[in-house]
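Q: Note that the sequence shown ends on residue 1949 in the working numbering; no numbers are left out.
Among the clues, some could well be false.
As the list claims (entries may be wrong) - In silico DSSO-like links for lysine-lysine, alpha-carbon gap of 30 Å or less:
1) 1702 x 1669
2) 1712 x 1833
3) 1331 x 1557
To be clear, the hints were calculated from the coordinates, so they are not data collected in a lab.
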Amino acid sequence: MEFSHKVIEQKWQQYWEKHQTFKTPNNSDKKAYILDMFPYPSGAGLHVGHPKGYVATDVVSRMRKLQGYDVLHPIGWDAFGLPAEQYALQTGNDPAEFTLQNIANFRNQLKALGFSYDYNKEVNTSSPGFFKTTQLIFELLYQNGLAEMRYVDVNWCPELGTVLANEEVLNINGKMVSERGHYPVYKKPMRQWVLKITAYAEKLLEGLDEVDWPESVKDLQRNWIGKSVGAEINFAVQDSSEIIEVFTTRADTIFGVEYIVLAPEHPLVTKLTTSEYKTKVTEFLATTKAKSDLDRQDNSKEKTGMFIGSYAINPVNKKVLPIWIADYVLPFYATGAVMAVPGHDERDYLFALKYQLPISYVIEGEHYGKLHNKDGKHINSEFLNGLTTNEAVTKAITVLSAAGHSTAKVTYKLRDWLFSRQRYWGEPFPVIHWEDGSISLVDEKELPLELPKMTNIKPSQTGESPLANAKDWLTVVDSTGKKGRRETNTMPQWAGSCWYYLGYILMENNEMLDLRSSAAQKLLKKWLPVDLYVGGQEHAVLHLLYSRFWHKFLYDQKLVPTSEPFYKLVNQGMILGADGTKMSKSKGNVINPDDIIKSHGADTLRLYEMFMGPIEASLPWNPSGLDSARKWLDRVYRLVKNNNFTQVNNHQLDFVYHNMVKKGTEMIEKLSFNTAVSQLMVFINACYKDETPIYQPYFEGFTKMLSLFVPHLAEEIWVNLQQTSAIALSTWPTYDEKYLQKNEVIIAVQVNGKLRAKLEVVIDTSDEDLLALAKANPNVKTFLVNHHIVKEIVIKNKIVNFVVK
């Protein structure tokens, strides 16, 4: 190897830290807030897949700094949560100490990778200085009627001693179990804190039009919110004063209703179940409770139900309709009741077939006893006959409303946010429950309300968190002698991650500014919104939705200056194991970045991860690709060591240099990092091909661009080029259009004779450069991965063809 990466990387990491090179400045009107989804500091540390997104944001942050922007590029720790608590229970360790140890390990790993983070801005969600603001925001939500206690059915896991979110519950052999540990989970009504995110449903939908996010993520959010425009129709119950309210978006199919279905949890089930069905209904309810909500919504799983003995009356034709309960109807969506039209709805159709219920048709088409779920003119529908779907929906609602049977309504699939966890290791609620039944908030002057020190944090077994065992902390007496009890639930891990991006802005001189202070407001106005947010696809719904909810609430409170928190979002793809599967300890395919840093260097790892393919793609780890990245860096360093530079431009590199700056800049702006690296490679090839001394200003410009990807070696090269200050403090190179006026040609790139890409290159580009550019093309790369290249064919100025097997 040409250079000692260990010496160079330690040298420059120490230099950056000593000189506070990446401390957040306040010098320019141009700002760039570049954000990573912050990590949970687990005991396992990082594997090589984790840095991919971090390197991407570092590349952009370093470029923005060279372009004269004030850059905020922070890091912090999502430090509360169940894993640390479970570790503490199993080992007897303090979760706070364990978490701090993990943070120290993660921080060291990140520093070893040379990221340009401002560690002065570092936040830790489990720090009292941080969660003081979390508690303050909760108090504001409560004061504005957006936080309340309710009895709700929750996923209770006795073994873990906590409520689990639907996403933390699995169905194994028809039983609900916890994702962590596979312990039994049961539905249980418990008094819980709930945040009324549903009050912001429409704003959350509308805000998606303001942001530059992948359409797939926007669609996931829209589907989760699930807006439906329709009507609520009242069905009278035969021989009863009860009314069943049904929400539907297809009021036009009212004449095709064959039965009514209630959610098993619907309050009318017990009232309307006749005596002969009570035993079977009780058994059915018990079976349904063992199923998770996700399983009940899964259309691929068979649905079950039963008749409860009562009948409803169709308001338009007085037809008698049997009332059923079924697991596919959920209590929290709309009214928890469905008018079943099996001829034109797939779920209702399959259910009707299973239980031999009648099927009729009210939309013309080829029926023949099959599902018909296409639009058409109405039939068998009296006053709706001959109308199209939209016409029939409007008329049906008009007629039903005039008769007092219906009202127009908008509903959302989105549920209010269950905000309680029965855990010790979470933010304490700043709430006191008094003996007279009243609730009060902890005085803001007494915040943060900290967790008590406990030597034993085992579950209370009462359904409460371990805090129920902290008697001294739990009991409160006011000045009049009235006794109270602190809230024993803690907030979910989502709480800190809802607003941590604001915490970075507010962190000044190792202290968190008051969100409402003038100093805080000035900083928030400067830095918001986040300009680029990079993180995993797994957070495409809940984290982003919850953060947007809190942010919009704070916007309404005039505490943040923008209605959306994150302007541009990118989901980086995974780095898979060499076997093409997700890295995991159980598969034995995890690669530790510490080992790669020792063997090849952090710069090599950074370069390889950016060059291996598009940022959004999930690609397998390839050791030979890593070796190639290192060899190329050695090749760059040899040019510097040979010291063959001149201050006189012989113009041999004019086009390739200015083309590199122009296209490389454009590609980085588009986050096409792999093709930007290929431009750097083309420049180095040209330097080797040109036997005259290299024009040093051009090589300096190259080194600036190189510094985004391989900052340590670039700093070392910068010194060797007789520069006195750090390259991170220099300026971004520029290009001159007059040097780009050169005839170009389109090259067809083929794999096994099939066209896979087209490249625009200068006429007479060398075979070596053509091959490098072709291999860097994302589409071509897709067809080369996991294949052996048998032959490389280059027809100058026309074709590049790879023969693979």
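Q: Would you mind marking each hint as holding or not holding in the structure?
A: Hint check results:
Between residue 1702 and residue 1669 the CA atoms are separated by roughly 11 Å; this keeps the pair inside 30 Å, and the hint holds. The straight-line distance between the Cα atoms of residue 1712 and residue 1833 is roughly 41 Å, outside the 30 Å bound, and the hint therefore fails. For the hint linking residue 1331 to residue 1557, the alpha-carbon distance of about 20 Å falls within 30 Å, and the restraint holds.
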